[in-house]
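Top line first, the protein sequences correspond to chains U and C.
FYI, the working numbering numbers position 126 of the first sequence as 126, with every residue one higher than the one before it.
FYI, the working numbering numbers position 32 of the second sequence as 32, with every residue one higher than the one before it.
Heads up, a few of these hints could be off.
[Said to hold, decoys possible] With the C-beta cut set under 7 Å, the calculated list includes, among others, these residues of chain U facing chain C:
1. H411
2. L414
3. N415
4. N417
5. T418
6. S419
7. H421
8. G422
9. E425
10. L426
11. Q429
12. R445
13. V449
14. K529
[What the hints assert, rightly or not] Okay, derived cross-link-like pairs now, BS3-like style, lysine-lysine, Cα gap no bigger than 27 Å in a straight line:
15. K496(U) <-> K61(C)
16. K444(U) <-> K105(C)
17. K567(U) <-> K68(C)
18. K18(C) <-> K440(U)
19. K46(C) <-> K534(U)
20. K440(U) <-> K105(C)
21. K617(U) <-> K61(C)
22. K114(C) <-> K438(U)
23. K440(U) <-> K111(C)
[To be verified] Here are a few chain C residues that sit away from chain U, every Cβ distance over 10 Å (derived from the structure):
24. L45
25. D50
26. R71
27. Q72
28. I76
29. L82
30. S95
Keep in mind the hints are simulated off the structure, nothing from the lab.
Glycine included, each C-beta is placed from N, C-alpha and C at the ideal position.
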Amino acid sequence: MSDKHTITDFEEFFDITPMSIIIIQDIHKIVYANRTFFDSTGYTFEDLDDTTLTDLIHEDDRSIIQERIKILESGGKPEETMQLRIVSKDGTVALSRISANDITFNDKSSRILTGINISAQPLIEQSPELVSSLLQTLTTHSKLGFWVDDINDHTVFINDRMCEYLGYPLEEIRTRSVTDFFHPDSQELYYQVLKERTEGKLTSSSYELVLINKEGRPNTYRVVGSLLYDRYGTPIGSVGFFTNIEATKKLSLTVSVLNKYALFSRFKDLSSFWENVLIDLSAIYHADGGMIFLDGEVLAKQGNFAKNFNPQDILEDIAKKGENITHCQGSCKHTSEETNSAVISVLHLNQLPAGFIMLTSKIENLFYPEDLDLILAFSSQISLNYEHHFLYLQSEEERDFVSILLDILSHDFLNANTSVHGYLELLNQYVDTKDTEKFKSYIKRSMSVVERSERILQTVQQLTKIQKERKIRKTVTIRPILDNAIDVQKSMFYDKEVDVKVTCSKNLKIIAGDLLQNVFENIISNGIKYTYDKEVKLEIECIEIQEEDEQLVEIKFIDYGMGIPDKDKPLFFKRLSRGDNRFQSGSGLGLYMARVLINSYNGIIRFENRIQDDYTKGSAVIITLPRG
Amino acid sequence: MATIFIIDDEETIQFLYKEGLSLEGHKIIGTAHDGSKAIEFITKLKKYPDVIILDHRMPIKNGLDTLKEMRQYKIIAKTKILFITADPTVREEASKLGVTSFIQKPFSIIKLGKMISEIVQ
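Based on the sequences and whatever the hints tell you, model everything.
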């Protein structure tokens, strides 16, 4: 109990309880009694001047008190509960079950006695133990933590369970408020609940609080709390019953997070997969840092790590020992100066150690033994989920490739065949006319179609190749590739006058791959095709840009064609299916393939209007790739 | 002799139509790379063409989508559509939209010219 209290403070507070409460000092002198006591015994405050506890007890029971005094004087600890007959002012006797606890009151060591008149109620007459056990359950021996604060957040009562939860002996904790132990995240919630209660919106409620124990470990509690009022209806304090749900909550959240990451459809993009995993795990285990390392790459990172921290070495070290999980408490400086606890759980791919999930904290002894079991189970399952997820995406990509190959074979080749067959038919028709101009024209076009068929065939070969090799990147010079693509496409459009203005340094290099020319051709072809004028104007610019630590090159293809409405722009780069009207014939590679290739070169491709806010004036296709 | 409008995104195929169909005496009154441009052109004509050759596989707007838009302008009712597709599902859809003549690639340009003559007779 707080030293700062006066009797008046307690009078209001204790008056609401159905229990009689008296406080005694110097072993037996009564210094305080509550309203219930006065009402049930008929005494007044003045009657208690110079009165001892013994004076109020039936003479046959005084020996019990004498016995207790002896035990106390000899430094022993008497029973906390006892049954005594209390003599009222009018001489009547009531049997009471009384509990005694140590408190500090008005700077003096005191005993608080709480009593219930067990002779007054039929239930109690039948089973006096029931009330006693109820009281004990609620307070001292309850499985619930029990905490009573006054209106100013001063502690009035804490039970043993609450002390056990927080890891402090009663003596250390009794002068402090429950709010002293709040995790910063819980402060706001608690004061919100308190505000709503005081405003009368919420008299009692159930909510979750995170309290920090003596070791600095955060623990989550389910709290059922309510306000306490005086007889005038004024709030005078609050009472809370605390249940530690830390382990249950971690288990439940871990299962929930695993379930979340088992749903492939939610994570089409693997790039944010591990970052999300780390964020979720850190929140569950109250970690303030962490890392996910897999297949030689750091996929997610939170907090600072030591300069010489090498995740590959860590993995090899753990794998050598044949461990699946390891943790350090108090001596984790190899990860970072600030780290006092860390847990590292190995991730397996194809049943081999391939990486790890690491959670770190400034708090010493953050992780409980059962946390390690849960984190290990999580790591095993998430790596399986990842493997499935990865295979699923891979098979989707492969399906796309097959679909594109079929498109090329069934559409582009048929078109080419139709053209060549048709021109041969025409030559046959004109063979007797000796119209050499027609002959030349048909042969030239047939040749062009045959050449295109060869390129389509090459593309098919390349497409099958890039399933395996599209991630292989190398440094290439842009300009020759660009010039070749322009020449090829110009030759494809006989009846158009194509003027391409190129502004691109001759030695500018990027990191890309062999199929870059196909991408360029596709974009140039679209620019020509969708400019309906006979005269086609295209501009191609290469711009070097610096973005954070990265040096990039933007290759901008500007046309003066029909343009693309904003709503359709994203559709052009999406996955295609057979018969999709977005499939770009001609070069054999659609814009979808262009995106797949550019992405595999670690680049991005996007559409813009040539003139902002007016798509009808032409488009700009912008490719951004790392500078070589 | 028929007046013909060609909707096909391939330049070499368009040229083939022009040359091949003229042998049969047909007149190509216009060409377009995609459905939108074609409809824009056709709706401005005083008289609709006798035949429209429409390829299904085109970027931006495919053959079926073009047909749907053509219905709004009652083009299908006033002209014969020769729909180019090998896909039975697409054929079925196109039939529902009023198309009665289908061809699939590869085809003989000479035979196509004759087929058009029969259609317009």
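Checked hints:
Because the smallest distance between the Cβ of H411(U) and any Cβ of chain C comes to about 5 Å, under 7 Å, the interface hint for this residue holds. A least Cβ separation of about 4 Å between L414(U) and chain C falls short of the 7 Å threshold, and the interface hint therefore holds. Hint on N415(U) holds. Least Cβ distance to chain C is approximately 5 Å, under the 7 Å limit. Interface hint status for N417(U): upheld, as the beta-carbon distance to the closest one in chain C is roughly 4 Å, under 7 Å.
Interface hint at T418(U): satisfied, since its Cβ lies 4 Å from the closest Cβ of chain C, which is below the 7 Å cut-off. With its C-beta approaching chain C no nearer than about 5 Å, S419(U) sits inside the 7 Å limit, and its interface hint holds. At its closest, the beta carbon of H421(U) sits 5 Å from a beta carbon of chain C; the interface hint therefore holds under the 7 Å criterion. Evaluation of the G422(U) hint against chain C yields a held restraint, the C-beta minimum of about 4 Å falling below 7 Å.
Annotation: interface hint on E425(U) holds; nearest CB of chain C at approximately 5 Å, less than 7 Å. A cut of 7 Å between beta carbons decides the hint on L426(U): the least distance to chain C is about 6 Å, and the hint holds. Interface hint at Q429(U): satisfied, since its Cβ lies 6 Å from the closest Cβ of chain C, which is below the 7 Å cut-off. About 6 Å separates the beta-carbon of R445(U) from the nearest beta-carbon of chain C, less than 7 Å, and the hint is met.
Contact between V449(U) and chain C, as hinted, is supported at the beta carbon level, the nearest pair being about 5 Å apart and thus within 7 Å. The beta carbon of K529(U) comes within 6 Å of a beta carbon in chain C, closer than 7 Å, and the hint placing it at the interface holds. Between K496(U) and K61(C) the alpha-carbon distance is near 23 Å, which keeps this suggested pair within the 27 Å criterion. For the suggested pair K444(U) and K105(C), the alpha carbons sit about 21 Å apart, so the restraint of at most 27 Å is met.
Proposed proximity of K567(U) and K68(C) is supported: the alpha carbons are some 20 Å apart, at most 27 Å. Proposed proximity of K18(C) and K440(U) is supported: the alpha carbons are some 16 Å apart, at most 27 Å. Under the criterion of a C-alpha separation no larger than 27 Å, the hint pairing K46(C) with K534(U) is consistent with the structure, at around 24 Å. Between K440(U) and K105(C) the alpha-carbon distance is near 25 Å, which keeps this suggested pair within the 27 Å criterion.
With a C-alpha separation of about 19 Å, the suggested pair K617(U) and K61(C) falls inside the 27 Å cut-off, and the hint holds. This hinted pair checks out: K114(C) and K438(U) have alpha carbons roughly 21 Å apart, not beyond 27 Å. For a cut-off of 27 Å, the pair hint linking K440(U) to K111(C) stands: about 23 Å separates their Cα positions. Residue placement check: L45(C) keeps its beta carbon more than 10 Å from all beta carbons of chain U (closest about 17 Å).
With a closest Cβ-Cβ approach of about 21 Å to chain U, D50(C) is found to remain outside the 10 Å limit, as its non-interface label requires. Non-interface call for R71(C) relative to chain U: holds, since the shortest CB-CB distance, roughly 17 Å, exceeds 10 Å. No beta-carbon of chain U is positioned within 10 Å of the beta-carbon of Q72(C); the least distance is around 18 Å. Against chain U, the non-interface label of I76(C) holds: every CB pair exceeds 10 Å, the least being about 19 Å.
Against chain U, the non-interface label of L82(C) holds: every CB pair exceeds 10 Å, the least being about 14 Å. Every beta carbon of chain U lies more than 10 Å from that of S95(C), the smallest distance being close to 16 Å; the non-interface claim holds.
The structure shown violates none of the earlier numbered hints.
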